[in-house]
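Asks: In order, the protein sequence lines correspond to chains A and B. All letters in the first sequence, in the order written, are residues 1 to 112 by the numbering used here. All letters in the second sequence, in the order written, are residues 1 to 112 by the numbering used here.
Derived from the structure by calculation, the hints contain no laboratory data. Keep in mind that the hints are not guaranteed to be accurate.
[As the list claims (entries may be wrong)] With a straight-line cut-off of 25 Å between C-alpha atoms, the simulated DMTMM-like cross-links for lysine to aspartate or glutamate are: (1) LYS57/B with ASP27/A; (2) LYS71/A with ASP59/A; (3) LYS94/A with GLU30/B; (4) LYS42/A with GLU100/B; (5) LYS18/B with GLU56/B; (6) LYS37/A with ASP26/B; (7) LYS94/A with ASP49/A.
Predicted model only: the values in this text are computed from it and were never measured.
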Amino acid sequence: GENVEQHPSTLSVQEGDSAVIKCTYSDSASNYFPWYKQELGKRPQLIIDIRSNVGEKKDQRIAVTLNKTAKHFSLHITETQPEDSAVYFCAASKGNTGKLIFGQGTTLQVKP
Amino acid sequence: DVKVTQSSRYLVKRTGEKVFLECVQDMDHENMFWYRQDPGLGLRLIYFSYDVKMKEKGDIPEGYSVSREKKERFSLILESASTNQTSMYLCASSLQGPNEQYFGPGTRLTVT
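Turn these sequences into a full structure, and let the hints guide you.
Replies: Next comes the structure, spelled out in structure tokens:
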């Protein structure tokens with residue numbers, strides 16, 4: 001079946017450095033790719049998303065890139081801060097449906 | 001602001017008990033979802049509903065059933081709870097099609 005692979009599973013960076021998380025997906029009909037941030041004990045919340053007709057999207061320190069040919073997309077966080085520490089999940093839509101397939105998650109630690 | 005609420009934050013049940021988890025959203029969303037979250041496995045879809053009384057199995061439906069009698073409410077039922085159903089359960093809702101999913105706060109269920 002369709003799946004989404006996410007790497008790395010853990011990532012530790014110094015405050016101010018950049019962090020990159022990568023995901024690959026298998027469903028060539030996927031057309032929506034959100035990223036969620038889940039802080040400890042809280043619900044996942046959307047931080048940025050991208051649709052298949054766009055190659056890159058940026059929102060302040062966060063950017064997402066999408067390569068539909070290679071079926072991979074990445075989250076880039078610049079100038080990381082301790083409050084960026086959380087678990088990040090990528091996801092891809094199951095075709096054009098409302099269902100999402102989630103990656104396994106990346107635990108990001110930003111050391112002050 | 002979209003609000004998704006779940007009936008309990010923590011629940012402890014005994015093996016064999018029937019368990020009801022309820023989810024309510026206030027944004028008139030067509031889609032509602034039940035996920036299970038376990039460390040290292042990401043969010044796995046149990047069931048999906050795209051309209052009142054309509055449901056689709058997700059990736060791990062065994063041992064679960066759902067009910068959607070009203071648009072705003074989606075219930076997850078464990079017919080006979082087992083210890084391997086100890087987990088965090090997250091409800092979500094979204095507009096029709098591939099769109100942002102809004103999550104509830106989660107229910108931490110322990111089955112002893």
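Asks: All the hints need checking, so say for each whether the structure fits it.
Replies: Results for each hint:
1. Straight-line distance between C-alpha atoms of LYS57/B and ASP27/A comes to about 18 Å, which keeps the hinted pair within the 25 Å bound.
2. Distance hint between LYS71/A and ASP59/A is fulfilled; the C-alpha atoms sit about 22 Å from each other, no more than 25 Å.
3. Simply put, LYS94/A and GLU30/B have alpha-carbon atoms about 17 Å apart, close enough for the 25 Å limit, and the pair holds.
4. For the given pair, LYS42/A sits about 17 Å from GLU100/B by alpha-carbon distance, which is consistent with the 25 Å threshold.
5. Proximity of LYS18/B to GLU56/B is assessed by CA-CA distance (about 21 Å); at most 25 Å being required, the pair is judged to hold.
6. For the hint pairing LYS37/A with ASP26/B, the CA-to-CA distance comes to about 22 Å; that is within 25 Å, so the pair holds.
7. Under the criterion of a C-alpha separation no larger than 25 Å, the hint pairing LYS94/A with ASP49/A is consistent with the structure, at around 15 Å.
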